[in-house]
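Under our numbering, think of the first position of the sequence shown as 464, with each following residue one higher.
Watch out, some of these pointers could steer you wrong.
[To be verified] Pairwise CB distance ranges, derived in the manner of DEER restraints:
id, residue 1, residue 2, range
1, ALA491, ASP535, 17 to 27 Å
2, THR471, ARG521, 14 to 24 Å
3, PRO537, SER495, 43 to 53 Å
4, THR500, PRO472, 20 to 30 Å
5, SER476, LEU532, 12 to 22 Å
6, ARG533, GLN501, 12 to 22 Å
No lab work stands behind these hints, which were simulated from the structure alone.
Virtual Cβ for every residue (Gly too), placed ideally from N, Cα, C.
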Amino acid sequence: MTDYILRTPEQLSTLLQAFRKDAGMTQAQVASRLGVTQQTLSALERNAEAVSTGRLMRLLAILGVELVLRKDGPAAVVSGSPSGAPSDQPW
């Protein structure tokens, strides 16, 4: 298992294309499984930072990719919660 660290939204586009190719799938094949057109998937791969979380999760599942979130460095403030614990506020 290899980890890929994303530091910018633009890196996601490159990785999604690479994961699709590594899975041996065409855009048309992935698009069909995702329930979108090939043109929509192409646009998604070019502009991945704009994809919804739900669609991204479905796409990653199709590609056999697992999303892992790992805290790096000191505790972060999450939505106004100084303890870093998730608050009840939507983002």
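Supplied distance hint 43 to 53 Å, evaluated on CB atoms of PRO537 and SER495: holds (44 Å)
Taking the Cβ atom of SER476 and the Cβ atom of LEU532, is their distance within the range 12 to 22 Å? Given about 19 Å between the Cβ atoms, the range holds.
Take the C-beta atom of ALA491 and the C-beta atom of ASP535, compute their distance, and say whether it sits inside 17 to 27 Å. violated (37 Å)
Starting from the hint 12 to 22 Å, judge whether the C-beta atoms of ARG533 and GLN501 obey it. violated (33 Å)
Could you check the hint for me, namely that THR500 and PRO472 are 20 to 30 Å apart, CB to CB? Hint holds: Cβ distance 23 Å, inside 20 to 30 Å.
14 to 24 Å as the expected CB spacing between ARG521 and THR471, which holds or is violated: holds (23 Å)
Checked against the numbered hints above, the structure violates hints 1 and 6; every other hint is satisfied.
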